[in-house]
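**Q** Please construct the entire structure, taking both the sequences and the accompanying hints into account.
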Amino acid sequence: MTATAQPGIIELTYRDAVREAIRDALRRDDRTFLMGEDVASYGGCYAVSKGLLAEFGPARIRDTPLSESGFTGAGIGAAMAGMRPIVELMTVNFSLLALDQILNTAATVRHMSGNQFGVPLVIRMATGAGRQLAAQHSHSLEGWYAHIPGIKVLAPATLADARGMLWTALQEPDPVLIFENVMLYNMTGQIAADAGPVDIDKAAVRRSGRDISLITYGGSLWKTMEAATMLAAEKIDAEVIDLRSLRPLDDATIMTSVTKTRRAVIVDEGWRSGSLAAEIGMRIVEQAFWELDAPIGRVCSEEVPIPYPSHLENAAIPQAPRIVAAAKAALGRS
Amino acid sequence: MSTNLDKPRLSRPHALELLKQMIRIRRFEDKCAELYTQEKIRGFMHLYDGEEAVAVGVIPVLMPRDRIVATYREHGHALVRGVPMTTVLAEMYGKQEGCSHGRGGSMHLFDRSTNFYGGNAIVGGGLPLSVGLALADHMRGNDAVTVCFFGDGAVAEGEFHESLNLAALWKLPVLFVCENNLYGMGTALAISESETDIERKAACYRIASEAVDGMDVVAIEAAARRAVHAVRETGAPYFLECRTYRLRAHSMFDAQLYRDKAEVEAWRHKEPIVRFQGWLEANHMIHPDELARIDAEIAAEVDAAVAFAEAGTWEPVEQLTRFTYAERAA
Numbered sequence: 001m002t003a004t005a006q007p008g009i010i011e012l013t014y015r016d017a018v019r020e021a022i023r024d025a026l027r028r029d030d031r032t033f034l035m036g037e038d039v040a041s042y043g044g045c046y047a048v049s050k051g052l053l054a055e056f057g058p059a060r061i062r063d064t065p066l067s068e069s070g071f072t073g074a075g076i077g078a079a080m081a082g083m084r085p086i087v088e089l090m091t092v093n094f095s096l097l098a099l100d101q102i103l104n105t106a107a108t109v110r111h112m113s114g115n116q117f118g119v120p121l122v123i124r125m126a127t128g129a130g131r132q133l134a135a136q137h138s139h140s141l142e143g144w145y146a147h148i149p150g151i152k153v154l155a156p157a158t159l160a161d162a163r164g165m166l167w168t169a170l171q172e173p174d175p176v177l178i179f180e181n182v183m184l185y186n187m188t189g190q191i192a193a194d195a196g197p198v199d200i201d202k203a204a205v206r207r208s209g210r211d212i213s214l215i216t217y218g219g220s221l222w223k224t225m226e227a228a229t230m231l232a233a234e235k236i237d238a239e240v241i242d243l244r245s246l247r248p249l250d251d252a253t254i255m256t257s258v259t260k261t262r263r264a265v266i267v268d269e270g271w272r273s274g275s276l277a278a279e280i281g282m283r284i285v286e287q288a289f290w291e292l293d294a295p296i297g298r299v300c301s302e303e304v305p306i307p308y309p310s311h312l313e314n315a316a317i318p319q320a321p322r323i324v325a326a327a328k329a330a331l332g333r334s
Numbered sequence: 335m336s337t338n339l340d341k342p343r344l345s346r347p348h349a350l351e352l353l354k355q356m357i358r359i360r361r362f363e364d365k366c367a368e369l370y371t372q373e374k375i376r377g378f379m380h381l382y383d384g385e386e387a388v389a390v391g392v393i394p395v396l397m398p399r400d401r402i403v404a405t406y407r408e409h410g411h412a413l414v415r416g417v418p419m420t421t422v423l424a425e426m427y428g429k430q431e432g433c434s435h436g437r438g439g440s441m442h443l444f445d446r447s448t449n450f451y452g453g454n455a456i457v458g459g460g461l462p463l464s465v466g467l468a469l470a471d472h473m474r475g476n477d478a479v480t481v482c483f484f485g486d487g488a489v490a491e492g493e494f495h496e497s498l499n500l501a502a503l504w505k506l507p508v509l510f511v512c513e514n515n516l517y518g519m520g521t522a523l524a525i526s527e528s529e530t531d532i533e534r535k536a537a538c539y540r541i542a543s544e545a546v547d548g549m550d551v552v553a554i555e556a557a558a559r560r561a562v563h564a565v566r567e568t569g570a571p572y573f574l575e576c577r578t579y580r581l582r583a584h585s586m587f588d589a590q591l592y593r594d595k596a597e598v599e600a601w602r603h604k605e606p607i608v609r610f611q612g613w614l615e616a617n618h619m620i621h622p623d624e625l626a627r628i629d630a631e632i633a634a635e636v637d638a639a640v641a642f643a644e645a646g647t648w649e650p651v652e653q654l655t656r657f658t659y660a661e662r663a664a
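Chains as they are written, first to last, in the working numbering: chain A, 1 to 334; chain B, 335 to 664.
Rather than coming from a laboratory, the hints here were simulated on the basis of the structure. Fair warning: there could be bad hints in the mix.
[Claimed, not checked] In the SDA-like style, the derived pairs of lysine to any residue whose C-alpha atoms are separated by at most 20 Å in a straight line are: (1) A:Lys-202 with B:Glu-661; (2) B:Lys-505 with A:Leu-66; (3) B:Lys-535 with A:Pro-65; (4) A:Lys-202 with B:Ala-660; (5) B:Lys-429 with A:Phe-117; (6) B:Lys-354 with B:Gln-611; (7) A:Lys-260 with A:Gly-209; (8) B:Lys-429 with A:Gln-116; (9) B:Lys-354 with B:Ala-638; (10) A:Lys-328 with A:Trp-222; (11) B:Lys-505 with A:Glu-37; (12) A:Lys-202 with B:Arg-662; (13) B:Lys-365 with B:Gly-377; (14) B:Lys-429 with A:Asn-115; (15) B:Lys-505 with A:Pro-65; (16) B:Lys-429 with A:His-111; (17) B:Lys-505 with A:Pro-58; (18) B:Lys-505 with A:Arg-31; (19) B:Lys-595 with B:Val-608; (20) B:Lys-505 with A:Gly-57; (21) B:Lys-505 with A:Arg-60; (22) B:Lys-505 with B:Ala-537; (23) B:Lys-604 with B:Ala-616.
**A** So, in structure tokens, the structure goes:
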């Protein structure tokens, strides 16, 4: 993080923004602590929590054994007993080892107990491909989690959201999962030095346009913005929606946009079959079918485990040229 | 049954209370089985018949501030902890007057007012939860013990090992109570475990442990006192294996093809109520009038619970999606 000449504005990375959010939460609330694999001495697999151990000590920056189910369940229990833990799961692939606790306990306790107990827990994890980490570290399973009633699912794509969503999530009485796309950690930009909490229930229009709605989230936002720029060169004015929250979905913002542009392409790094893109497409059909001038398109990951070589990995996940092609197809342009 | 200096509190009133609590669970569940055949109770229902001494021996040793995590075979634990029989049975009926608003049923009894954290129907799933409850108490300096009940089946789960390691590593006040009834559903312990001496597994995690005759309520209570005292004094976990036996089927759907009737019969002679009552009688610690009074009190309580559950109401279908998330104040 570096101060710039402009007063009140700081330049930082997405990684810095997440770290500032954690630091802020730890300062504000003594019930909050961070636990996960290598979060303390190592500083976090993606260096998110670097320096926090020295500042807050080992009780609040807590290294865990490689026991995803155990420490996620411990986070659930601690939350039920009045703490406000942040659990870090190293990647979404590893989160599957904790899926029992997330689905069978965190998401169900309020319901099963007839509203007597809640789980005010935040679980953060890295998601997405692009670092040549192959088929056990690179998947985008946030759409799976968005299937589960009882939890909320967030995907911060901007520095302001990386900085601001965590505190709001910690105020929720129910579990919140935050997905951080690995390709965003090094993204650099400027935000207000006093940037703070942001809402976590509205989608955002990141680029306003008239001709087509490009609906996306997380790491794909920036590829979609790039695609919108490429489309602008061809006189196509695309609107870009950043979902921000994957559960619940902000239907109103989506339908307002689609009603205006009459065309939609959904960009989702999850696999195509049974994807979040499929859910959004169906909602548009249910709620705005008569507003559409063209079939809904989508750009998802290919139905293959993420491969190691860079050229194959890039081909497996959404990229700007594929988004441009899908948008043009929806507009009947070649 | 032996008596020794570990059992200093076995006054006559206390002994009668132990007996009464065990009979209370048994009679309640006998009624539940009857109600199940009448289709008043549906779904899976797991009875505690034969294992009552464990809950009755352990739970009264706890303070109100202590926390309990139990399994899907938890009717007895809830009753002994003080969850009213009325709301427990209403829950099993699925009525909204139930202790979990009817949303959980037999396997998911919860009660905030007694720190009863369920009713967990994922084998092993309650262990990480208990570690977290204890972690919160540890971090806040609360003098509370979390007791986690689980069966021998849970010992094969990764969550068992992860939880014992975490509790020992972070020195958390958890009392792990293994209710070893020799079968994980229909699989005998020897078929699922390379080391069938479960108590020994705790040693790998440097957790103090002991095994106790799970059919001897007095021995269990004495062990529980030692265990809870140790957890409170040291803040560290403790492991208690209670060697017991399930006399009824695993659930109401179980044809019990995996064990001989003779085996079950043999255990019937060792079951905790017969044994403790016989011992009290032999030692002239109980009068037939007192037994009759206990029976009458329990019968009245069971009748009242049935009446309460029968009179309970169905939650309106319009409320179906409630309790998925917290409801915000309007």
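**Q** Assess, step by step, whether the Cα of A:Lys-202 is no farther than 20 Å from the Cα of B:Arg-662, and give holds or violated.
**A** 17 Å, holds
**Q** Need the status of pair B:Lys-505, A:Pro-65: alpha-carbon distance at most 20 Å?
**A** 14 Å, holds
**Q** Hinted pair, alpha-carbon criterion (20 Å max): B:Lys-429, A:Gln-116. Please report holds or violated.
**A** Holds, at roughly 16 Å.
**Q** Given the hinted pair B:Lys-604 and B:Ala-616, is their alpha-carbon gap at most 20 Å?
**A** 16 Å, holds
**Q** Compare the distance between the alpha carbons of B:Lys-505 and A:Gly-57 with 20 Å, and conclude whether the hinted pair is satisfied.
**A** 17 Å, holds
**Q** Would you check the hint for A:Lys-202 and B:Ala-660, treating anything up to 20 Å between C-alpha atoms as holding?
**A** 19 Å, holds
**Q** Would you check the hint for B:Lys-505 and A:Leu-66, treating anything up to 20 Å between C-alpha atoms as holding?
**A** Answer holds: B:Lys-505 to A:Leu-66 is near 18 Å, not above 20 Å.
**Q** Compare the distance between the alpha carbons of B:Lys-595 and B:Val-608 with 20 Å, and conclude whether the hinted pair is satisfied.
**A** OK: B:Lys-595 and B:Val-608 at ~19 Å, within 20 Å.
**Q** When you check the alpha-carbon spacing of B:Lys-505 and A:Arg-60, does it fall within 20 Å?
**A** With a Cα-Cα distance of about 15 Å, the restraint between B:Lys-505 and A:Arg-60 holds, given a limit of 20 Å.
**Q** Below or equal to 20 Å on CA atoms is what counts here, so check A:Lys-328 against A:Trp-222.
**A** 18 Å, holds
**Q** Quickly compare the C-alpha distance for B:Lys-365 and B:Gly-377 to 20 Å and report which way the hint goes.
**A** Holds. B:Lys-365 to B:Gly-377 sits at ~16 Å (cutoff 20 Å).
**Q** Is B:Lys-429 close enough to A:Asn-115, meaning Cα to Cα at most 20 Å?
**A** 15 Å, holds
Consistency note: the structure conflicts with none of the earlier hints.
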